[in-house]
Structure formats: C-alpha cells, structure tokens
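Be aware that the sequence shown starts at 4, since it is given in my numbering, and climbs by one per residue.
It should be emphasised that the hints constitute simulated quantities derived from the structure, not laboratory data. By construction, the Cβ of each residue, glycine as well, lies at the ideal position given by its N, Cα and C atoms. Hints are not guaranteed to be accurate.
To be verified - Taking lysine-lysine and the DSSO-like style, the derived pairs with C-alpha atoms no more than 27 Å apart in a straight line are:
hint	residue 1	residue 2
1	Lys56	Lys115
2	Lys115	Lys21
3	Lys23	Lys97
4	Lys56	Lys97
5	Lys23	Lys56
6	Lys97	Lys127
7	Lys127	Lys115
Claimed, not checked - Ranges of calculated distance between the beta carbons of each label pair, as one might list FRET restraints:
hint	residue 1	residue 2	range
8	Gly119	Ala82	12 to 22 Å
9	Lys56	Glu89	14 to 24 Å
10	Arg87	Thr8	37 to 47 Å
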Amino acid sequence: MFKATRAFSGFSVDDPAKAKQFYEQTLGMDVTDDHGLLHLHVGGDSEVIVYPKPDHTPATFTVLNIPVDDVDAAVDELAQRGVRFEHYDLPDLKTDARGVMRDNGPTIAWFKDPAGNILSVIEKS
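Could you build all of it, start to finish, from the sequences and the hints given here?
Here it is as structure tokens:
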C-alpha cells in the first residue's frame, strides 16, 4: 500500500548555473548539484529540487516561501544583494513602496529568481 515517506517539491529553471549562483550566493542557501539537478537544502533534512527545462515558463504563483523573523530586515538585506521586489496593486493584493504586503494575512514580500519564478520571504508566525 502507498504511504508517503519523505516528500519534496520541485520547480524548473532555464539556466541551472544562474539558478545555482542566485540560490547559493544571493540567497545564501546550501545548494548541491547532482546529475544536473540542484538540491536546495532549506532546513533540517528538507530540500527542494530545481531541474533544468529548455522550454521553461516561469511559474505564475509562489514556488518557494522562505520564512524569516523580520520581513523588513530580509527585504533590506536582499535588496542590498540586488534582489528586486515585486509590487502589486490589486483589489485583494496590495504591497507598499518596498514591495511588502501587510495586514492581509502574514507579512510577505515577493521577488523572482533569474528564471522568473516567484519566491517570497514570509514572516514567521
């Protein structure tokens, strides 16, 4: 009978070398490369797989949420590393001038990786 053991998620990129540099150097994650797959070690024994896809289309939803103690501090630090935050002005999704959504669920700020996938820093509750 099927029983889930240790599950993981994954998403595609068009340039694994650029992705590895971004996740490792810009975001400071532990990244390993195994047979062309990037393994983002995201805490404990958890990981996310990043795989190359020549006809990659960026996800239109958040593929990776990174919990942080202080979203504003994370935005400041990542902005200094060259990360540009997304700005939204929709009826149910509005960000401030820094790209941070407040008072509509958890405090969160979205940005993109070099492949155009959407990531976030989200305040721990």
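Results for each hint:
no.: 1; hint: Lys56 <-> Lys115; verdict: 17 Å, holds
no.: 2; hint: Lys115 <-> Lys21; verdict: 13 Å, holds
no.: 3; hint: Lys23 <-> Lys97; verdict: 31 Å, violated
no.: 4; hint: Lys56 <-> Lys97; verdict: 32 Å, violated
no.: 5; hint: Lys23 <-> Lys56; verdict: 14 Å, holds
no.: 6; hint: Lys97 <-> Lys127; verdict: 20 Å, holds
no.: 7; hint: Lys127 <-> Lys115; verdict: 20 Å, holds
no.: 8; hint: Gly119 <-> Ala82: 12 to 22 Å; verdict: 19 Å, holds
no.: 9; hint: Lys56 <-> Glu89: 14 to 24 Å; verdict: 22 Å, holds
no.: 10; hint: Arg87 <-> Thr8: 37 to 47 Å; verdict: 38 Å, holds
In this structure, the earlier hints numbered 3, 4 are contradicted, and the remaining ones agree with it.
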